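Student: Order-wise, the sequence lines are chains D and S. Start counting the first sequence at 9; every next residue gets the next number (the working numbering). Start counting the second sequence at 353; every next residue gets the next number (the working numbering).
Check each hint, because a few of them may be wrong.
To be verified - 20 angstroms max Cα-Cα, derived SDA-like pairs, lysine to any residue:
(1) S:LYS506 / S:HIS444
(2) D:LYS74 / D:GLN369
(3) D:LYS390 / S:PHE395
(4) D:LYS308 / D:VAL261
(5) D:LYS397 / S:GLY424
(6) D:LYS215 / D:LEU176
(7) S:LYS493 / D:PHE337
(8) D:LYS308 / D:GLU353
(9) D:LYS397 / S:GLY527
(10) D:LYS390 / S:TYR398
(11) D:LYS386 / S:PRO397
(12) D:LYS397 / S:TYR398
(13) D:LYS399 / S:ARG524
(14) D:LYS141 / D:ASP101
(15) D:LYS199 / D:VAL125
(16) S:LYS436 / S:ARG465
(17) D:LYS390 / S:GLN393
(18) D:LYS230 / D:SER173
(19) D:LYS209 / D:ASP137
(20) S:LYS574 / D:SER396
(21) D:LYS399 / S:PRO391
(22) D:LYS390 / S:PRO391
(23) D:LYS397 / S:SER569
(24) D:LYS397 / S:GLN393
(25) D:LYS74 / D:ASP156
(26) S:LYS436 / S:THR475
(27) D:LYS390 / S:LEU392
(28) S:LYS506 / D:TYR305
(29) D:LYS144 / D:TYR159
(30) S:LYS493 / D:ASN304
(31) S:LYS559 / S:VAL439
(32) D:LYS399 / S:GLN390
(33) D:LYS397 / S:GLU571
(34) D:LYS397 / S:ASP521
(35) D:LYS162 / D:ARG75
(36) D:LYS285 / D:HIS317
(37) D:LYS285 / D:ALA318
To be verified - FRET-style restraints, in silico, Cβ to Cβ:
(38) D:PHE398 / S:SER566: 24 to 32 angstroms
(39) S:PHE395 / D:THR310: 39 to 47 angstroms
(40) S:PRO497 / D:PRO201: 52 to 60 angstroms
No lab work stands behind these hints: they were computed from the structure. None of these values were measured; they are calculated from a predicted model. Yeah, the Cβ is synthetic: ideal placement off N, Cα and C, and Gly gets one too.
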Amino acid sequence: MASPSRCVFPFIFMLFLVGCSSRSLYPLPNRRHNGNRQPLQTFRPYNIAHRGSNGEIPEETTAAYKRAIEEGTDFIETDILASKDGVLISFHDVYLDDTTDIAEHEEFINRKRTYEVQGSNFTGYFVVDFTLKELKSLRVKQRYPFRDQQYNGKFSIITFEEFISIALDADRIVGIYPEMKNPVFINQRVKWPDGKKFEDKFVEILKKYRYRGSYMSKEWLKQPAFIQSFAPTSLLYISNQTDLPKILLIDDVNMPTQDTNQSYWEITSDKYLDFIKEYIVGIGPWKDTLVTASDNYLRKPTDLVARAHARNLQVHPYTFRNENQFLHFNFSQDPYKEFDYWINEIGVDGLFTDFTGSLHQFQEWTSPLSTGERDANKLLDKIVFMISKFKTK
Amino acid sequence: MASPSRCVFPFIFMLFLVGCSSRSLYPLPNRRHNGNRQPLQTFRPYNIAHRGSNGEIPEETTAAYKRAIEEGTDFIETDILASKDGVLISFHDVYLDDTTDIAEHEEFINRKRTYEVQGSNFTGYFVVDFTLKELKSLRVKQRYPFRDQQYNGKFSIITFEEFISIALDADRIVGIYPEMKNPVFINQRVKWPDGKKFEDKFVEILKKYRYRGSYMSKEWLKQPAFIQSFAPTSLLYISNQTDLPKILLIDDVNMPTQDTNQGASFVILMLRKHYDYLCLSHIGKSLQTNILILSKNISWGLDRGRIHWLPHLTIICENLLILLPEHMPVIFRCIRTLSATRTSSYTSTSVKIHTKNSITG
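Same shape as in the complex, but just chain D (with noise of 0.2 angstroms):
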């Protein structure tokens, strides 16, 4: 009797445990309607969610996706770097000082360092000293003081991981758009083993939940995505390990790249573009620089989009902003002339954009996605309109 019994309840124990830890072998409900989510829209520039909708939250936090998915985002768009144990972080500076309630931390104070990044010195707080563990025990807060900082110390730096989950989780197909952030100094400061580099990473990431085809191929559109950097070689050297599209970003014109050191109007040059335009299914560049400016009033178009354009290379600039102080007099304090100037006048076919919202509610009264009923009805009373003009006394 003892020894059978001695065998039922640890046996019964692990029946238990095992029922417990188990996944059922269906798909859990949230990624069950894979098939039925409301599709990448295709027609209209792309909606960029820059860093999120940090015009209202703190940038690249999970509340910052979530809210810009909300508002309607095509992309969610975010600049990976990586701790110091490796591990690929959505966070844009390669310092935590800006953005970050480090200096409250007392036990990172000897932290605190000096390096060069593409070609200045820096002292702060780097990452790149910080494991995923250390970085986690930090608060986010807003970048700018003129933003809401409501939020300040309410969340935490997420992970590349983490934001691939936020996209894979949405009610709707929404893209993702991570950069490659200053690769050639996180090279420099992480080392994976294998021999493994910061792009190799990245790659390994996206293949893991299943981010492949080429731009606007069925696996795509299931889960659409963009590789940008302002490094060519990183470009290249993922070209032949994913064929996901990639975006070639343009910094300002007197700022050479940082891995070929190469300046704006080299890698804006015919030549090069007609090179590049091999491995790239478009550009990225600051917008100021795609229309000259002068006494805070936008002047003539360069010729760089219709360059662009003739070689099939799409152009998402960056960043709108709806702050006076980033929009030109042109546009009078008004973000949406902003967006018509650049969409139906220059013609570009993204745009990075700090306000989610505004961005998607200007395209959804000037493009708007639905038909039917409502543009009939809309017809019919633009035309007692018409005939009101014209009521004779």
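With chain D held as given, fit chain S onto it using these hints.
Tutor: Just chain S, lined up with the frame of chain D:
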């Protein structure tokens, strides 16, 4: 031979003079299409160009108003003050310092004064100390430093009549929205002959340009206009001179009205119908005196626990919706000056105040 020729040449010359200086009998082109101009839209909320399109161009200038009309405004708005010689001008501040280049005019350096305006002292150059000619010699600048400064020094101050012409000359019907600005201050400092006041001259000019008619009447739709003021008595004063619609402006919660010194009202009254006489309600300076409940034709006032019946008060507006602030008791006092109140003592019972959570129009 000599006599006739001596008359011929002067005669021909005179014909020439007369021919060149006379105006054609038909109306000039820009006024000819008056019957065919696109009418004012009235189906959606009015777009009122506050001081013209002053987000882009310095306020209350011809350029700012023309830009506003270009951009599709329904009404161009202005503030009317008066110069030393009694000419009504479009200008917002009683002093010139913030929006003109007065500081650069050495010839006016001794015109600096300190006056009391609405309870506070201001030191500067006041419009009422300059004749129209002198004001015209100044140049206007953009008030806010974060707006476009490129037009500074290019435009001058315009008169009320010039403002009206901009509206009348537009190629579609554009309304005007002038304000009787600081009437108390103006009437103290500027005197007109025949005992006329600022408000009289204001209406005079409107009538000269045939602005008339109650809200939405045929005449009004041809030349739409709203008259606005922060001073209730000014609006009441002109109420029998013109039936143009009037708007009572209400300042911030801590600002009493300049003429009746009544505690600022943060109550907004909406009229359900077409009345162009706005029912006024103020919150008294002391926290607890009068409570007024208005219903269709009867009104009660509760004054220090005693209820007054005010039967002579004609209620012109129906269905008043009153926005109650949460932290202060609501105090009203009707400013009808003509009615006498008849006191009757009732035992005070709990008085019901109808409140709504939102303003509906």
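Student: Compare the distance between the alpha carbons of LYS390 of chain D and TYR398 of chain S with 20 angstroms, and conclude whether the hinted pair is satisfied.
Tutor: holds (19 angstroms)
Student: Is it true that the CA of LYS506 of chain S sits at most 20 angstroms from the CA of HIS444 of chain S?
Tutor: holds (18 angstroms)
Student: Is 52 to 60 angstroms respected by the C-beta to C-beta distance linking PRO497 of chain S and PRO201 of chain D?
Tutor: The hinted range 52 to 60 angstroms holds for PRO497 of chain S and PRO201 of chain D, with Cβ atoms some 57 angstroms apart.
Student: Sort out whether SER569 of chain S lies within 20 angstroms of LYS397 of chain D, counting only the CA atoms.
Tutor: holds (18 angstroms)
Student: LYS397 of chain D and GLY424 of chain S were given as a pair; does the straight-line alpha-carbon distance stay at or below 20 angstroms?
Tutor: Within the cut-off at roughly 15 angstroms; holds.
Student: Does the structure keep LYS230 of chain D and SER173 of chain D at a Cα separation of 20 angstroms or less?
Tutor: holds (14 angstroms)
Student: Could you grab the alpha-carbon distance between LYS209 of chain D and ASP137 of chain D and see if it respects the 20 angstroms cut-off?
Tutor: holds (18 angstroms)
Student: For LYS506 of chain S and TYR305 of chain D, compute the direct alpha-carbon distance and say whether it is at most 20 angstroms.
Tutor: This hinted pair holds, its Cα atoms lying about 19 angstroms apart.
Student: Mind checking the alpha carbons of LYS559 of chain S and VAL439 of chain S for me, to see if they're no more than 20 angstroms apart?
Tutor: holds (16 angstroms)
Student: Between PHE395 of chain S and THR310 of chain D, does the C-beta distance stay in 39 to 47 angstroms?
Tutor: 44 angstroms Cβ-Cβ, so the 39 to 47 angstroms window holds.
Student: Holds or violated: are the alpha carbons of LYS397 of chain D and TYR398 of chain S at most 20 angstroms from each other?
Tutor: Cα-Cα ~17 angstroms, so holds.
Student: Would the hint linking LYS390 of chain D and PRO391 of chain S be met if the CA-CA limit is 20 angstroms?
Tutor: holds (16 angstroms)
Hint compliance for this structure: every hint is met.
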